[in-house]
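J.: Make the full structure from the sequences, and use the hints.
Numbering-wise, my numbering comes out as the position in the sequence shown, counting from 1, plus 162.
The hints are simulated quantities; they were obtained by calculation from the structure and are not laboratory data. We put the beta carbon where it would ideally sit given N, CA and C, even for glycine. Treat the hints loosely; a few may be bogus.
Per label pair, the in silico range of CB-to-CB distance [to be verified]: (1) 522 <-> 291: 35 to 41 Å; (2) 218 <-> 190: 17 to 23 Å; (3) 290 <-> 377: 22 to 28 Å; (4) 288 <-> 486: 55 to 61 Å.
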Amino acid sequence: MTAVDPVRFRETLGHYPTGVVVVTCIDDAGEPQGMVIGSFTSVSLDPPLVAYFPSKTSRTYQRVRTGSSFCVNVLGADQEDVCRLFATGAPDKFDRAAWRPAPSGAPILDGAVAWIDCAPHAIQDGGDHDIVLGRVTDLDVESAANPLLFFQGGYGRFSHRPLVAVNEDVYCAIRAAERGREHLQGLAEELGAEVNVIASHGEEMVYVATAVCPGVRSRTVLGAPFPILPPLGEVHVSGWPEDRIAEWVAKAPGDDDARARQLARVRQAQERGWTASLAGGRPEGELREALRLWSDPDLTPAQHREVTERIARATDYYQPFEPVDGEIYDLHSLLVAVPGPEGRVDLVVRVGQLRHGVDAATVRGWVSRAKQTARRLAGSE
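T.: Here it is, written out as structure tokens:
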């Protein structure tokens, strides 16, 4: 029998859209558990059976399967934040998401389009996944809202394109970020910050993972694209051929000196594997709104021009940076390249929401820890 190419397998099946659900339970220790599942289906009407397909290696699944019941929560199209929360290993998921008990006691998440309460029926082998069958004991529709969909590697809804349709490189980036989630969480907690993994996708970047320390609220929308356009994306650009670097620099607004500063940021990333930007006086609201508009599936040409102009106006706030002993710094963000094959930078670790008023030694320490995490994501440590 001819072996099936896994890349072709994933790409082909990615053209079949699926819903996104969170399977919840109360485990054998009396604690609520929940995990995001993209493979869920109805099985039988008589008896009423449904099934979901968790990875055998999922630690959350090992806790979920200890429950005496489970509840399938169908997420709505406006619940990307809930999906993001339950896709992490955060121990306080149910403190940050409102819920009520289903008839069985398993959590029903507020805002879910529908819920299906189940008693475990059977578990069957499905290769690297289990096939978990549940006998439906109760169910209901909470609202007629659009469900959250997963299609071609991106989240979306009916009548809209997915937030981002990923290629095989980005799919591998997502897998790498998931494998390194413990390291990302450890870095976030040690630095008291938010840590993201950013993958490149053509002329765009996309957040593929995020981790936050307790007390820090994530500002990241997973799957939302944003452009590789000066002053954004210099670490990814550092792995490009020289002709493409020159094209990126040429898009920077201003005079030759302004473009030279953007090129200097790329060279810093090439030479040392990281860059940073300073806080203070930045048009954060304007830039955040520009990036939000960029991910709008209904972006018009006029809005596109407006977005690129807003991004361009932020260029002056992104300058070459080198920590100097005796100085005090307020860092806005720290970006570290994940080493890739042939000098490419397909992944970047971004650290944001850092504490202010730190010295150069502290900044260097942050860089060292972020670079260690990047090496672990690359599998080189």
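J.: Would you mind marking each hint as holding or not holding in the structure?
T.: Consistency of the hints with the structure:
In this structure the hint that residue 522 and residue 291 lie 35 to 41 Å apart at CB is violated, the actual value being about 49 Å. Take residue 218 and residue 190: their Cβ atoms lie about 19 Å apart, and the range 17 to 23 Å holds. Between residue 290 and residue 377 the CB atoms are about 36 Å apart, so this pair departs from the stated range of 22 to 28 Å. For residue 288 and residue 486, the Cβ-Cβ distance of about 57 Å falls inside the hinted range of 55 to 61 Å, so the restraint holds.
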